[in-house]
Structures are given as C-alpha cells and as structure tokens.
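> Taken in order, these protein sequences are the chains called X and Y. Counting from 1, position 77 in the first sequence corresponds to residue 77 in the numbering used here; the numbering is continuous, with no gaps. Counting from 1, position 6 in the second sequence corresponds to residue 6 in the numbering used here; the numbering is continuous, with no gaps.
Treat each hint with caution, since some may be false.
Unchecked claim - A short list of chain Y residues far from chain X (calculated; beta carbon distances all over 10 Å): (1) THR24; (2) GLY41; (3) SER52; (4) GLY55; (5) THR78; (6) ASP84; (7) LEU101; (8) THR102.
Unchecked claim - Only pairs whose alpha carbons sit at most 30 Å apart, straight line, appear in this in silico BS3-like list of lysine-lysine: (9) Y:LYS57 - Y:LYS42; (10) Y:LYS42 - Y:LYS58; (11) Y:LYS58 - Y:LYS71; (12) Y:LYS42 - Y:LYS22; (13) X:LYS3 - Y:LYS57; (14) Y:LYS68 - X:LYS57; (15) X:LYS18 - X:LYS53; (16) X:LYS70 - X:LYS18; (17) X:LYS57 - Y:LYS42; (18) X:LYS55 - Y:LYS58; (19) Y:LYS37 - Y:LYS57; (20) Y:LYS22 - X:LYS71; (21) Y:LYS42 - X:LYS53; (22) X:LYS57 - Y:LYS37; (23) Y:LYS37 - Y:LYS58; (24) Y:LYS42 - X:LYS13; (25) Y:LYS57 - Y:LYS22; (26) X:LYS3 - Y:LYS71; (27) Y:LYS71 - X:LYS57; (28) X:LYS55 - X:LYS13; (29) Y:LYS37 - X:LYS71; (30) X:LYS70 - Y:LYS42; (31) X:LYS3 - Y:LYS68; (32) Y:LYS57 - Y:LYS68.
These are computed hints drawn from the structure, not numbers from a lab. None of these values were measured; they are calculated from a predicted model. Just so it is clear, CB atoms sit at the ideal spot from N, CA and C, and this is done for glycine as well.
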Amino acid sequence: DVKVTQSSRYLVKRTGEKVFLECVQDMDHENMFWYRQDPGLGLRLIYFSYDVKMKEKGDIPEGYSVSREKKERFSLILESASTNQTSMYLCASTPGGSTDTQYFGPGTRLTVL
Amino acid sequence: GENVEQHPSTLSVQEGDSAVIKCTYSDSASNYFPWYKQELGKGPQLIIDIRSNVGEKKDQRIAVTLNKTAKHFSLHITETQPEDSAVYFCAASRYGSARQLTFGSGTQLTVLP
C-alpha cells in the first residue's frame, strides 16, 4: 500500500512565523504535490515537484515556497505566515510515467493566529 | 488556465437511490478526468477516472461519462449506501512536467438510511 504521511495533523502558528509542513512518501514516487483545501473552493495546487530539486509553481504559489532535497520528502514553507493562510494542506504523490493516480496524505489543518 | 465547475455542492439521496454529480471544464486540451472521494478526516482517494478517448467507464456501482464536445463529465452512483456519504471531487488534467489536476469545488453527498 502506498503511504503518504504528513508531519502534523493540526498546527497552530502566529502571524509572521516561518512554518514548515513536511510530507513523506514511501513508494519511490517521482512526482509530489502540495494543495490547499478551502470550503467551496476545492483543492488548489500550490507547488509540485517532478524530480529531486525540481519544482514548478501551481495555481496559487504566492506566499509559499517548497523544497525537495530527497525523493521521498517534499516540504512546504510559509516564509511569514498570515491569517489568510489558515487552511487544510494536503500533500500527494504519483509514480509518474503512465500512472496518474494521486495518493494523498491525511492533511494538516493549519491555523494562523 | 483550466477552470472546473462542479454541481451540486450538496446532495442528499435515500439509500438505494442513484446520485449524479456533474462537472464542466474549460480547457479543450484536458485529457484526463478523475473523481476523488474524501471521507471525514482523510485525504481524497481516487474512485474512478476516464480519459478523453473514452465516452463512458463503469466500475460496479459507479460510472463516469464524458462529453468532450460539451466539455462536461458526470459521476453516477447507483444503489447508494450509507458508506457512500462523503465529499466527492471531480478534476481535469493536462500533462506538462507532471500530471497537474484542477479540482472542482466538491459535492457533499449524504445517503439517508
């Protein structure tokens, strides 16, 4: 079974703090993704990575950065958290090639006060 | 970029009845259309997908239809059961550096016993 884990289920941070969200997959997947999920807006792609140290902006990258130093780990960084970044953050991975199924982690509920 | 609209946002059906969720997409280059189910407290999970060279696909009680000309696709669930209660997301995808998904806003399906 594919397993995608996220470092925290719930996180509370203060405005201006630097926040790290970690995602790890155990299936040697090529591609990894970060989404945020907000009511009525569905899932919106923040960034994705198609190889180690390779990344591309998604639809809403402003205020976020990412890091992929190892194939199994993809980090989302909020350089200076703001209240409008309060959301559910979901990480996903796919093997790449002809397999398109995205496997999601359980999500991190981030609250910025 | 791609825009995916999903309707309805909430849907209640009696156990045993059918449920239909509809999505439209804007980018004629999109060629892959998955449906994800998200249960409470979990990440989304793929339940069925369809590619643009196919008009319909079925897997037991669920089916997806695609009309490329009209740019819309639908999820059909027959003989609904209480465990079908969840949030369902449609998505449309094009292929770049990796398969990027644009999600609809989600449908909360409630199956009443």
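> Against each hint, give a clear statement of whether it holds in the structure.
Do the hints match the structure? See the list:
no.: 1; hint: THR24; in the structure: 14 Å, holds
no.: 2; hint: GLY41; in the structure: 7 Å, violated
no.: 3; hint: SER52; in the structure: 13 Å, holds
no.: 4; hint: GLY55; in the structure: 19 Å, holds
no.: 5; hint: THR78; in the structure: 23 Å, holds
no.: 6; hint: ASP84; in the structure: 19 Å, holds
no.: 7; hint: LEU101; in the structure: 7 Å, violated
no.: 8; hint: THR102; in the structure: 7 Å, violated
no.: 9; hint: Y:LYS57 - Y:LYS42; in the structure: 26 Å, holds
no.: 10; hint: Y:LYS42 - Y:LYS58; in the structure: 25 Å, holds
no.: 11; hint: Y:LYS58 - Y:LYS71; in the structure: 19 Å, holds
no.: 12; hint: Y:LYS42 - Y:LYS22; in the structure: 23 Å, holds
no.: 13; hint: X:LYS3 - Y:LYS57; in the structure: 27 Å, holds
no.: 14; hint: Y:LYS68 - X:LYS57; in the structure: 28 Å, holds
no.: 15; hint: X:LYS18 - X:LYS53; in the structure: 21 Å, holds
no.: 16; hint: X:LYS70 - X:LYS18; in the structure: 21 Å, holds
no.: 17; hint: X:LYS57 - Y:LYS42; in the structure: 25 Å, holds
no.: 18; hint: X:LYS55 - Y:LYS58; in the structure: 35 Å, violated
no.: 19; hint: Y:LYS37 - Y:LYS57; in the structure: 17 Å, holds
no.: 20; hint: Y:LYS22 - X:LYS71; in the structure: 36 Å, violated
no.: 21; hint: Y:LYS42 - X:LYS53; in the structure: 28 Å, holds
no.: 22; hint: X:LYS57 - Y:LYS37; in the structure: 25 Å, holds
no.: 23; hint: Y:LYS37 - Y:LYS58; in the structure: 16 Å, holds
no.: 24; hint: Y:LYS42 - X:LYS13; in the structure: 22 Å, holds
no.: 25; hint: Y:LYS57 - Y:LYS22; in the structure: 15 Å, holds
no.: 26; hint: X:LYS3 - Y:LYS71; in the structure: 34 Å, violated
no.: 27; hint: Y:LYS71 - X:LYS57; in the structure: 26 Å, holds
no.: 28; hint: X:LYS55 - X:LYS13; in the structure: 26 Å, holds
no.: 29; hint: Y:LYS37 - X:LYS71; in the structure: 27 Å, holds
no.: 30; hint: X:LYS70 - Y:LYS42; in the structure: 25 Å, holds
no.: 31; hint: X:LYS3 - Y:LYS68; in the structure: 34 Å, violated
no.: 32; hint: Y:LYS57 - Y:LYS68; in the structure: 14 Å, holds
Against the hints set out earlier in the document, violations occur for numbers 2, 7, 8, 18, 20, 26, 31.
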